Structure formats: C-alpha cells, structure tokens
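Place chain C on chain B using the hints.
Number of protein chains: 2
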Amino acid sequence: MLASQELRAAVRAGRFDKPTSGQAPGFVQANLVIVPQANAFDFLLYCQRNQKPCPLLEVVEAGGVEAKRLAPGSDLSRDLPRYRVFRDGKMAEEATEVSALWRRDFVSFLLGCSFSFEKPLMDAGLEIRNMTCGTNVPMYRTNIPTRPAGVFSGPLVVSMRPFTPEQAIRATLVTGRLPEVHGAPIHQGDPAAIGIRDLGAPEYGDPVPVREGEIPVFWACGVTPQEALLRAKLPLAITHSPGHMFVSDVREEHLPFLHYSVR
Amino acid sequence: MLASQELRAAVRAGRFDKPTSGQAPGFVQANLVIVPQANAFDFLLYCQRNQKPCPLLEVVEAGGVEAKRLAPGSDLSRDLPRYRVFRDGKMAEEATEVSALWRRDFVSFLLGCSFSFEKPLMDAGLEIRNMTCGTNVPMYRTNIPTRPAGVFSGPLVVSMRPFTPEQAIRATLVTGRLPEVHGAPIHQGDPAAIGIRDLGAPEYGDPVPVREGEIPVFWACGVTPQEALLRAKLPLAITHSPGHMFVSDVREEHLPFLHYSVR
Chain B
1 MLASQELRAA
11 VRAGRFDKPT
21 SGQAPGFVQA
31 NLVIVPQANA
41 FDFLLYCQRN
51 QKPCPLLEVV
61 EAGGVEAKRL
71 APGSDLSRDL
81 PRYRVFRDGK
91 MAEEATEVSA
101 LWRRDFVSFL
111 LGCSFSFEKP
121 LMDAGLEIRN
131 MTCGTNVPMY
141 RTNIPTRPAG
151 VFSGPLVVSM
161 RPFTPEQAIR
171 ATLVTGRLPE
181 VHGAPIHQGD
191 PAAIGIRDLG
201 APEYGDPVPV
211 REGEIPVFWA
221 CGVTPQEALL
231 RAKLPLAITH
241 SPGHMFVSDV
251 REEHLPFLHY
261 SVR
Chain C
1 MLASQELRAA
11 VRAGRFDKPT
21 SGQAPGFVQA
31 NLVIVPQANA
41 FDFLLYCQRN
51 QKPCPLLEVV
61 EAGGVEAKRL
71 APGSDLSRDL
81 PRYRVFRDGK
91 MAEEATEVSA
101 LWRRDFVSFL
111 LGCSFSFEKP
121 LMDAGLEIRN
131 MTCGTNVPMY
141 RTNIPTRPAG
151 VFSGPLVVSM
161 RPFTPEQAIR
171 ATLVTGRLPE
181 VHGAPIHQGD
191 PAAIGIRDLG
201 APEYGDPVPV
211 REGEIPVFWA
221 CGVTPQEALL
231 RAKLPLAITH
241 SPGHMFVSDV
251 REEHLPFLHY
261 SVR
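Chains as they are written, first to last, in this note's numbering: chain B, 1 to 263; chain C, 1 to 263.
Don't read these hints as lab results, they were simulated from the structure.
It cannot be assumed that every hint is accurate.
Note: identical chains are not told apart, hence a pair may lie in one copy or across any two.
Stated by the list, open to error - With a straight-line Cα cutoff of 25 angstroms, these simulated SDA-like cross-link-like pairs (lysine to any residue) come out:
#: 1; residue 1: K233; residue 2: A38
#: 2; residue 1: K68; residue 2: R147
#: 3; residue 1: K233; residue 2: E61
#: 4; residue 1: K119; residue 2: Y260
Since this is a predicted model, take the numbers as computed values, not measurements.
Excised from the complex, chain B in its bound form:
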C-alpha cells in the first residue's frame, strides 16, 4: 500500500484530520474546488485562462467522486481531512467529510499546489524561509486581475519566498520546469509594482523576514480560485480547508508527464 493510500484510508476512517504538509512525502497534493454542473463550464474555462494560479490536474464529472487518474479508488467526498462549505459566497461551515452534502450534479476540480515545488527547491540547495520559521507561506492579494470567465473573476493571489538575486535565478529555473504546480515566478523585487503595500501583513499565511541582500520572489498561488469563488457568490460550493489537501498517488517526479502522455 502506498503512503498516500494509507493516509487517505486514515482520513476516511476518521483517524486523521490535520494539515497534510509533510504527509506522504513525495506524493502530489492537490487543491479541491467543487461546483455544481451549472457553473462547471465557467470554472473550467477560468482555469484554462489562468493556468499559472489554476493548474488543472484532474476534473471529475458530475456523478463521480473518484479521481481516477490521480488516485484510483479515492472518494473526494471523504478523503480530505477538512472541507469548507460556501453558501452564497460566504464560508458556512467546515466539515471532515461532505458525503451527506454530495449532489449528483457536483463537478470536482483538482489543482496543483506549491507543496510540490518545495522539495525540488530544497534539492537545488535553496532555503525555504517559511519552513525555517515553521510557519505557513505568506500570501498576498495583488493588483493583477485574472482573466475572467463567466461568473468567475478576481485578483491574482501570490505566495512569496525571499532569495538573493542569484538564488532567485536558480529558483526560477527549478520552478519553470514545473508548470503543473504554478511554474516560474510572476514577479521579483518591488512588492508595490504588483499592488502589495506591506510584506509584513500578508492576506493569508504568516509574514517571514526578508534579510539584507534578499529580494521577495512571488509565485501565482492556488488561493486565487478561492477568491474567484467567493466573488462569484454561488449558492453552493465546496473546497478543501487551507492546508488540508487531497493527497494523490502520483509521485512528484511524474508530474511533468501527467498531461503529456497519451497512455
């Protein structure tokens, strides 16, 4: 049994409801967004138009709960440690499973997550500041609009990691090879140039120190679609709870081949 399968079994049995960071190391983790079929074309198109923040790994059509490509045998209504239920654009409740809420018209979207580029960055000899600090990565709302699709629109959200200019080049090369998990950075240097006023006050996560000689480096972030979801004010939508991701059976090394294989 794979470590990812063991973790999902523990979650499903109610034995694990914590954040998934560091769990089943080496396996791809994913953001989850569930919307009714009536909104599914718009959301799929939103992801297609905004691939940096919304790198689609798999879509499960209405009537299905299994992510067949990422994790055969999985159940998206029970295999995440914690869910958020949104009603009319507001977070209504958190839950450890959503099988009782499940509807036949739910379409599920699994999106790549920057957890998958942290190990390649560390393997390249780079320090990830928020890991050193033992805190969540800082995330900021920018003044860069995403490309709208139907009812979905909103600002690009970015995550930030500080590096020296030389390290930033290396980090760009490493993450540029991983478009399935946000790819290369979208900005480096002056936060104000993308509408960020205060690095010390992130909209999500925790601030980290930027040391002398370092610049902040910004990546498109998987929180972006959640902002679009809030603005769309759908009657009902479900996501994972931040940090409580879907753990798949795909090894991180296989990510570059997920979309570019035909078998």
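Then chain C, alone, in the frame of chain B:
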C-alpha cells in the same frame, strides 16, 4: 499592419480562400472547432484530458466571434479561408464564411497546430520529408483511445515524419519544448505497435518515403478532435477545412509564454 492581419483582411474580403501553409510565416496558426454551448463543457473537458492532440490556445465564449488573445479584431465567422459544417455527425457542406449560420450559443475552440513546430525542426537542421515531397503530412488513426469526456471519444490520430534514430532524438528535444503544439512524439519505430498497418496508406494526407536507416516518428495530431466530433454526432458543429487554418497575431516564439504569463 502585421502579415497575419493582412492575410485575415484578404480572407474576410474574399480575396484569399487557399490553404494557409506558408502564409504569414512566423505567426501561429490554429485549428478551429465550434460547438453549441450545450456541448461546450464536454468538449473543453475533452481538450483538458487530451492535451497532446488538443492543445487549447484560446476559447471564445457564446456570443463572441473575436479571438481576443490570439488576434484582437478577428472574426472567427469570416477570417478562415474555408470551413466545414457538420450536421448529425456528417460533413454537410464547405463554406468560405459561416456568419449566416452563426448562433448566439456557439463556443469556439482554437487549438495548436503542428505547422508551428516545422520551422523549429528545420532550424535544428532537420529535413521534413513531406515538405521535400511537396505533399501534405501523412496522418494515421491509431489503436490508442483518447480519454473520453461526455459525448466525445475516439482514437488518437498521429502525424508521421521519418528520421534517423539520431535525428529522432533531436526532433524529440525540439518539439518537447513546445507542448502548446503537440509537444514531444508519442511513438517512434514499429507502426504496428500503435495499430498502424500500412505506412503507405495514411487515413489523411499523403504517404512519404521512409528511407534505409530511418524510423517513422509519430506526433499526436490536431485531426484527433475532428474524429471525436464525428463520433459525437452533434446536430451542428463547425470546423476549419483541413489546411485552411486560423492565422493568429501571436509569433511562434511567444507560444511558450501564452499560458504561463499573467499579464
């Protein structure tokens, strides 16, 4: 005025209705598929699941005829030299414009085309056999099924170019960098391994000689979605006529940045 804009203006004015190969060199050309909104989610998902044969460049929502990202000011109902109109899964007519048939619920899909990797292959010192022969590239139906989505399914169609084994490695490196236009090959060597019986009898295009010491190299092909469209037997669908592509204002060198930029 860009060469691509000039060409579209000539097409729109009825002064050009020929195949677009070699026209407006350096600008990205695209396959066109138009389906009613009722089938648009399924087709968008089919493209998402089959990115090798169906690399989506832009989707134009219902009510629109302009490919705003690929070609501002364009009109998809008039700017292609030749269209095919399909009714109930059969080709009903060819037309030089479809503005009279246009419906408010039409959704248009523009897909990458292997024309865009021919110049990079030649720049890498490789001979493209069908260009030497002055014929259309040979295309074959394989026994590899595409991943179905709703009403859309069918076999993968491939294009073939012969190379020596060493040249095939070079061609893999060159096209592997261009996932927006089918990317790396999907097979090389034995045609029977992917269900091709006779290289001399392609289902589309013209056969080319494979010389002593060469192997056939196979790429996923943009004809694949047309096969899926035929099988889906939609009441109405429209595509470009083979070889009569949409000529965009995007330069081939900019393709790698189309989806990976946020501005």
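Comparing the hints with the structure gives:
1. K233 x A38: Both: 13 angstroms inside a copy, 23 angstroms across copies.
2. K68 x R147: between (29 angstroms within a copy, 11 angstroms between copies)
3. K233 x E61: both (22 angstroms within a copy, 21 angstroms between copies)
4. K119 x Y260: both (22 angstroms within a copy, 22 angstroms between copies)
Violated hints are absent here; each numbered hint is respected by the structure.
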